[in-house]
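Asks: Spelled out, the chains give:
There are 2 protein chains.
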Amino acid sequence: MLLSLLAVAPMLAQPAQPAPIISPEVHADRTVTFRFRDPNAKEVLLSREGAQKSAMQKDEQGVWSITTDALDPDIYRYTFLADGVASIDPNNSLTTPNMLNTQSAFHVPGPASLVWEINDVPRGEVHRHFYRSSIVGDDRDFFVYTPPGYDPAAKKQYPVLYLFHGYSDFANAWTALGYANVILDNLIARGQAKPMIVVMPLGYGAPDFVTRNATGLRDPILRQRNYEKFRDALFTEVMPQVEKTYRVAKDRNSRAIAGLSMGGAESLYVGLNALDRFAWIASFSAGGASEDFAATFPSLDSSANAKLRLLWIACGIGDGQIASNRKFKDWLTSKDVKFTPVETPGGHTWLVWRRNLAELAPLLF
Amino acid sequence: MLLSLLAVAPMLAQPAQPAPIISPEVHADRTVTFRFRDPNAKEVLLSREGAQKSAMQKDEQGVWSITTDALDPDIYRYTFLADGVASIDPNNSLTTPNMLNTQSAFHVPGPASLVWEINDVPRGEVHRHFYRSSIVGDDRDFFVYTPPGYDPAAKKQYPVLYLFHGYSDFANAWTALGYANVILDNLIARGQAKPMIVVMPLGYGAPDFVTRNATGLRDPILRQRNYEKFRDALFTEVMPQVEKTYRVAKDRNSRAIAGLSMGGAESLYVGLNALDRFAWIASFSAGGASEDFAATFPSLDSSANAKLRLLWIACGIGDGQIASNRKFKDWLTSKDVKFTPVETPGGHTWLVWRRNLAELAPLLF
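In the order they appear, the protein sequences are chains A and B. Adding 96 to a residue's 1-based position in the first sequence gives its number in our numbering. Adding 96 to a residue's 1-based position in the second sequence gives its number in our numbering.
Among the hints, a few may not be true.
It does not matter which identical chain is used: a pair holds within one copy or between any two.
Said to hold, decoys possible - Calculated pairs, DMTMM-like style, for lysine to aspartate or glutamate (alpha carbon to alpha carbon, straight line, at most 20 Å):
| id | residue 1 | residue 2 |
| --- | --- | --- |
| 1 | Lys-290 | Asp-347 |
| 2 | Lys-340 | Asp-247 |
| 3 | Lys-425 | Glu-387 |
| 4 | Lys-252 | Glu-221 |
| 5 | Lys-138 | Asp-179 |
| 6 | Lys-434 | Glu-455 |
| 7 | Lys-434 | Asp-397 |
| 8 | Lys-154 | Asp-179 |
| 9 | Lys-340 | Glu-221 |
| 10 | Lys-325 | Asp-304 |
| 11 | Lys-251 | Asp-155 |
| 12 | Lys-149 | Asp-165 |
| 13 | Lys-325 | Glu-221 |
| 14 | Lys-252 | Glu-121 |
| 15 | Lys-290 | Glu-455 |
Please keep in mind that the hints were generated in silico from the structure rather than gathered at the bench.
So that you can see chain A by itself, here it is in the shape it has in the complex (with noise of 0.2 Å):
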């Protein structure tokens, strides 16, 4: 009940500044200035992903900015790096979740054409479940698209896509930074796709597999541990849940399976040991697991090419994983596995799996 705006301002606990500071600046020419205050630093790079490091100027008032060359329309993470210290973009409210590393993000806004932009059409939602896990020991949640139009009352029953995140993502990863929930509405509405339900939980079979030095993925047990957690809290928890709450087919022509980089992994960990599960399996960019292909699927052989509607392996060309993605396609090949490969421009990026997203969801059910 107040005139002025300085009896708010405590409420926004940021300190005095000289003068507002606009970061990001997304030109309409698609270049991008980017801002930071810090009177004080020797050096302030922009790291941003996709590009390599770039020092920016400073001015008379200790700002710090740097403009981009004309890029792409696409969804970009950065931050600033002050002398040495990482920091998000203080004055962008933009960030993007991680266990590990929060960012800043920004968007060039591109043609309606471009499937994680928001357009006109019918949207989905995204709903968030909680639950306390008993097989993984802790308390948890995990998200649920359902596209525009689900009417839980109906009768219809819908297909059913397994979508895990990577190493340090939160559970809300595929729709906080992978836009998987806009993606979809696009596809539905333009009728590339069917309209689909998708379940994205927690990737994590064992709760310290993530700390803060990122140890897990060296200690073979403790991963090894993760994955057959993942896939029982997955089986006897998260499963049962979504069948009793959607209306979503339970057939395995009705379920698919995939993830993106440690999420990759799991997907075929997963879904190569259980075809009377699941009939679609992709991997973005699969990382993090065992190259002892044997060991992992000890009895995948060429009887599973009548079983499986599709195998879908992709990864980008500039990814680190591209070698062992490689490694595991001649494998399969070795056992007479039918698969699609997928080679794409690109690391080992948001960019590449959203666009890998975009290009599987039309090939489901």
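Guided by the hints, dock chain B onto chain A, whose structure is given.
Replies: Below, chain B alone, put in the same frame as chain A:
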């Protein structure tokens, strides 16, 4: 499909650092140690919710640290101020979203009796809806809490609380910072609150109301448009979607409206001018509206007493809004409008608003 961490490291996009830092570290005695590596800073301050800024001490590795006194169990926000530059804690993945000021947060665990603690009780769900607002002219979202056991196919109808965030918050504030879903889960499990639906819309009627330099609140015309268009979007866009999608009772005795700060001003403005729609009205630390109460509530008089099941006006005595809240209560008294005045310890913070919700919810319906 890799054994080594090295090949996975690029996705972390973190600069190489000499040694892992643990921050914050919440000790068993409820003291908390914060650490921040910044070898070149001349001064680093800890800015913590509910406390004075405190100077941190630098060690020979350039790591600044400070340990607090024992803190009451709660959830607190904080930032570091390095030579005046505000930063989240790069070693803490718990951040709090805000349009003007992203912060870090930490949790000092307390007994299960605290309503924001996650307990082993049935959990409700949080649903995120997306739509294009023709009233405001933007793409936006709203969140809906459904209580444990909610069955969209059942006949039972639930009462509904419309719950509004504050200035510069996103629509997710009441779940991300307010723990509204956890609080309701606990109160419902204890039998202290009736199972209810909680609807948390985006609280802006003018898309440019929150700007980088926070000029919105200074402009009375923009501010008024913000409140009016917010009400129009609530009545003609959000409420119809909610009443179509969820099993909510549609009579005024089953509808409550409440909010914090700007959202408190909105709940009073919308609710007291629409007693045909709402029988339960509450504000927490209401602020940011005109003090011309006669103009804001032109038809409010003692005839409201027969319609109001509750008018609950709460504010912390350490809050900058306390004076205007008292003025408003004096005005209500002068109009013979009955209300429940609630003055609590605390300032303009979520520490107060979580408790406000926990105190209000048992009074409703």
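Asks: Going through the numbered hints above, which ones does this structure break? Give me the numbers in ascending order.
Replies: Hints 11, 13 and 14 not satisfied by this model.
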